[in-house]
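K.L.:
If you read the sequences in order, they're chains A and B.
Using my numbering, you'd call the opening residue of the first sequence number 124 and step up by one each time.
Using my numbering, you'd call the opening residue of the second sequence number 124 and step up by one each time.
Treat the hints as calculated values from the structure; they're not laboratory data.
Fair warning: there could be bad hints in the mix.
Among chain A residues calculated to face chain B with C-beta under 10 Å, some are [claimed, not checked]:
1. Leu137
2. Phe149
3. Arg331
4. Gly348
5. Trp542
6. Ser630
7. Lys634
8. Leu636
Please read all numbers here as calculations on a predicted model, not as lab measurements.
By construction, the Cβ of each residue, glycine as well, lies at the ideal position given by its N, Cα and C atoms.
Spelled out, the chains give:
There are 2 protein chains.
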Amino acid sequence: MDQLPKCEANYTPLTPITFLKRASAFYANRTSIIYEATRFTWGQTYERCRRLASSLRALNIVKNDVVSVLAPNVPAMYEMHFAVPMAGAVLNTINSRLDAKNVATILRHSEAKVFFVDYQYVQVAGEALRILVGDSKVPESSIPLVIVIDDIDSPTGVRLGELEYEQLVHKGNPKYVHAELEDEWDPIALNYTSGTTSAPKGVAYSHRGAYLSTLSLILGWEMGGEPVYLWTLPMFHCNGWTFTWGIAARGGTNVCLRNTTATDIYRSIAMHKVTHMCCAPIVFNILLQAEPNEITLTSPVQILTGGAPPPAALLEKIEPLGFHITHAYGLTEATGPALVCEWQRKWNQLPRDDQAKLKARQGISILTLDDVDVKDLKTMASVPHDGKTLGEIVLRGSSIMKGYFKDRKATSEAFKDGWFVTGDVGVVHPDGYLEIKDRSKDVIISGGENISSVEVESALYKHPRVLEAAVVAMPHPHWGESPCAFVAIRNNSAGKTEDLREAEIISHCRKNLPHFMVPKKVVVLPELPKNSTGKILKNELRAKAKELLVSVNLSNKSSNVNPQPIPPFGEQNLQAFSRL
Amino acid sequence: MDQLPKCEANYTPLTPITFLKRASAFYANRTSIIYEATRFTWGQTYERCRRLASSLRALNIVKNDVVSVLAPNVPAMYEMHFAVPMAGAVLNTINSRLDAKNVATILRHSEAKVFFVDYQYVQVAGEALRILVGDSKVPESSIPLVIVIDDIDSPTGVRLGELEYEQLVHKGNPKYVHAELEDEWDPIALNYTSGTTSAPKGVAYSHRGAYLSTLSLILGWEMGGEPVYLWTLPMFHCNGWTFTWGIAARGGTNVCLRNTTATDIYRSIAMHKVTHMCCAPIVFNILLQAEPNEITLTSPVQILTGGAPPPAALLEKIEPLGFHITHAYGLTEATGPALVCEWQRKWNQLPRDDQAKLKARQGISILTLDDVDVKDLKTMASVPHDGKTLGEIVLRGSSIMKGYFKDRKATSEAFKDGWFVTGDVGVVHPDGYLEIKDRSKDVIISGGENISSVEVESALYKHPRVLEAAVVAMPHPHWGESPCAFVAIRNNSAGKTEDLREAEIISHCRKNLPHFMVPKKVVVLPELPKNSTGKILKNELRAKAKELLVSVNLSNKSSNVNPQPIPPFGEQNLQAFSRL
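Turn these sequences into a full structure, and let the hints steer you where they fit.
P.N.:
Printed below as a string of structure tokens:
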């Protein structure tokens with residue numbers, strides 16, 4: 124049977140570009156994009172992408188060139204997810220919260236040929252370009268061509284150089300036919316990691332991986348036809364967890380948002396009958412902080428959340444409003460979500476508390492992932508499914524990245540014995556569902572016992588006044604390491620925070636945790652330090668915890684509680700309490 | 124970026140086997156199969172498949188060997204969809220309605236090494252084997268090893284040779300690890316076409332094609348988690364339109380049925396809370412003919428139908444019962460359904476009549492199909508999207524067959540200029556939806572005008588008394604060809620059929636069709652002749668129509684109506700009326 128050869132009719136490269144072409148054929152008059160007063164149909168979106176792709180070719184963009192973009196969730200950002208690969212190029216979306224130095228690092232490393240910049244970011248982009256121009260190692264020919272993206276709905280006239288996005292779309296060929304993809308292994312996107320732990324790395328996705336991951340997430344979330352998808356998740360975040368491509372696959376409507384305030388979100392939901400949105404659990408706080416009269420859900424909104432497990436207390440508040448939460452786990456290297464906490468119908472019978480616990484688990488592999496496991500990396504043996512034994516989460520499948528661009532060492536370290544090593548530590552429950560207990564580097568080893576910082580954080584979140592919590596290792600003369608907690612607390616009715624004291628938190632933890640896991644020190648902050656994607660900067664907290672040890676040791680001589688203010692975190696004030 | 128190589132962690136062959144392994148990991152205790160009093164969980168199904176696969180290896184089955192099976196929708200038939208490819212072999216399910224000669228032809232052509240036979244089919248299988256043994260061209264070593272499948276729920280003791288299915292499962296290794304698939308292009312299944320028009324051809328599927336098609340159909344049908352799927356569609360029919368693999372992907376429950384009577388179907392729906400089933404529209408008649416007290420749907424049942432467009436009259440009767448119909452179009456060569464008539468929400472506002480018309484269209488390509496078009500095969504130009512211009516439907520994508528086994532000529536004829544040519548003639552409507560107008564060989568050319576036999580049939584179905592209709596070309600001395608209709612009519616209240624006369628039908632057609640399309644002859648039959656998969660045998664009707672011409676010409680001399688009985692179709696009586 125092997126003599127039956129592949130041909131163009133029965134073997135076509137898997138690429139998300141197909142989804143747009145198909146949407147234009149079958150959903151031509153359906154609304155593809157809503158942004159303020161601007162509306163496009165799928166027929167128009169396909170035509171605009173063809174025009175832009177042809178203009179990129181006219182600008183000498185060739186196969187595998189990198190095209191960078193710094194923009195919020197505006198129509199241009201969406202269109203580039205198709206137009207750039209249709210030109211044969213690789214899309215590099217840059218985190219818009221980065222500073223000029225980091226942007227410059229990415230432009231340099233990616234060797235971007237073109238740099239699209241939303242008008243809102245011309246300042247940081249201009250600075251980044253000046254850094255490149257001033258860098259003697261970067262030849263002038265390597266400075267990317269800059270194209271500004273003005274606001275399509277309310278043009279501002281802001282420019283950075285000669286070219287503007289709409290001009291390129293206008294001049295392009297509406298009948299442009301993109302060259303057939305030769306190999307589905309070709310790169311489609313380059314996404315830089317947020318670099319909480321090390322220098323940002325350029326994660327390359329293949330067309331095949333992006334395609335399969337897109338299908339998996341529609342399936343895993345059970346997203347039906349004609350979704351109305353609200354862009355609360357930045358598209359620069361793993362290409363919007365593949366929903367940039369997925370909404371085309373489903374013939375849905377993209378509701379684009381420049382800002383994600385509670386007012387904007389609720390207004391969009393009400394106006395456009397939003398059915399789906401993705402966000403980090405931190406957005407739940409934004410949604411909950413809205414004025415009661417703003418909260419107007421006439422039909423349920425599906426939320427896919429990730430980045431951190433949704434705390435039970437937040438779930439209990441957000442779900443009664445009409446938001447239905449699905450929890451996913453992923454990472455840039457896995458083309459976004461790799462596990463989804465697929466809900467089992469029988470769980471509907473359980474008390475709300477138990478449901479929240481189940482929902483906080485990371486779950487099961489998406490359909491197109493070949494395998495997932497939790498292993499002892501030394502022996503590569505699988506851990507028992509006891510919900511207790513910690514191991515490293517490893518993944519395998521065609522939606523895993525091609526590798527790190529220009530970094531063979533990091534690439535080969537990430538792949539071990541046929542698995543991608545996530546760096547996350549977790550357990551497998553008896554029902555096969557995975558739960559992450561920590562980043563491997565965040566595990567606290569106290570007196571030889573492994574303490575999951577996430578587990579301690581979960582206990583902290585159970586306290587009604589705790590808004591944010593992070594637990595890191597603090598050096599300890601006796602135990603080696605011991606847990607140190609940083610918490611931000613909810614304002615009381617008078618708007619004051621200072622009334623929650625360490626002793627109360629410690630006492631709360633004693634009731635909810637084994638003794639060895641109780642934080643030896645609790646620091647209350649107005650807000651925890653976070654990186655540009657909203658992740659808590661544990662490295663910074665660890666550095667702070669090291670300093671605290673010293674002050675604890677000193678203070679210990681006189682008193683059990685350290686009344687001395689700790690140096691501020693950046694611009695934030697810090698209240699510190701210590702206990703040994 | 125091209126220097127980033129594939130490795131085992133980021134490039135794994137796409138194969139449906141993954142779905143079973145995953146189901147066993149995450150849905151281990153969920154019911155996988157229900158058959159009479161027998162129940163299995165996904166953990167058990169995986170183990171049983173591992174055992175069977177290891178037993179096949181022990182029987183010297185090696186890579187790319189063909190394993191044939193003749194069985195109804197029993198658990199063994201389902202298990203073989205995973206166990207056979209897990210042994211590296213190719214599954215060949217044989218249409219259980221074929222006669223011994225046809226079965227022998229398939230066994231010989233496929234070079235089957237093992238032949239599984241359900242106890243119910245030992246007679247036809249035994250005869251087929253005797254034909255092979257008696258064939259001097261088949262060496263003794265090429266006679267397949269026979270393994271009988273006894274009823275797992277109520278063993279009968281019927282045997283055909285030494286081996287029995289459960290014995291193989293029992294003796295197998297529960298920890299068998301299937302060899303890693305080297306290439307997703309490797310064959311997984313071999314399905315013979317029903318051969319209404321020519322000798323049966325062996326259609327080979329790749330693992331890649333089966334995998335992608337499975338995902339597409341779950342997506343196209345919007346099948347959510349935990350479906351309860353009733354096996355009304357034979358699994359031998361394009362591997363149950365891929366739902367053999369798809370139910371594992373969704374962690375659903377397979378309700379297996381040996382017989383598809385109305386009683387069995389309604390009983391299963393009520394007992395097991397069936398959510399989904401597939402069937403040809405002909406099964407709607409079975410469902411409608413049930414006693415009113417048998418019809419007990421407490422929640423909606425999704426039906427995916429194909430093989431023929433669902434007639435509006437049937438839709439109007441079946442949907443109010445609680446069945447929700449989705450119409451798909453496919454063919455063996457496309458791994459089952461290739462188009463799905465995806466419903467658009469705005470259509471809900473339309474009158475029921477218009478809805479039925481829209482639902483009868485074949486629709487839009489499934490997600491993993493790369494492209495579909497309707498073309499003039501001479502020029503390969505696309506037809507205009509006017510809903511009128513006929514052209515051949517062509518498909519392209521990774522779910523199209525590898526080709527016809529041992530038939531290079533037929534394979535190369537099926538593929539033309541990068542497209543698979545379906546042999547179906549259709550139109551594209553202005554909204555992009557396709558509608559089939561005919562098999563290319565069924566188009567009637569009358570006085571230079573193309574007449575779609577399907578269009579004439581649709582008009583006939585509008586008559587309240589018409590139960591079945593088929594229109595074929597009849598040679599005509601003046602027009603070259605003219606339409607000849609064969610109809611089966613609904614019993615009147617007294618159970619009599621003879622009261623509907625040709626003149627009335629012709630007059631009905633005159634009101635509903637352009638004059639040139641009105642049948643020149645109408646033949647009323649108690650039932651239309653069908654092949655083993657329920658398709659109307661137009662070849663047989665065409666042969667009959669040729670004979671009719673003669674009798675018409677003769678009878679024409681004396682009378683306008685021919686009172687002479689026409690020779691019977693097989694065992695059926697035939698009433699013939701003629702008109703010129």
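K.L.:
State for each hint whether it applies.
P.N.:
Against the structure, the hints come out as follows:
| no. | hint | in the structure |
| --- | --- | --- |
| 1 | Leu137 | holds, 7 Å |
| 2 | Phe149 | holds, 4 Å |
| 3 | Arg331 | holds, 8 Å |
| 4 | Gly348 | holds, 6 Å |
| 5 | Trp542 | holds, 5 Å |
| 6 | Ser630 | violated, 39 Å |
| 7 | Lys634 | violated, 34 Å |
| 8 | Leu636 | violated, 29 Å |
Hint compliance for this structure: hints 6, 7 and 8 are not met, and every other hint is.
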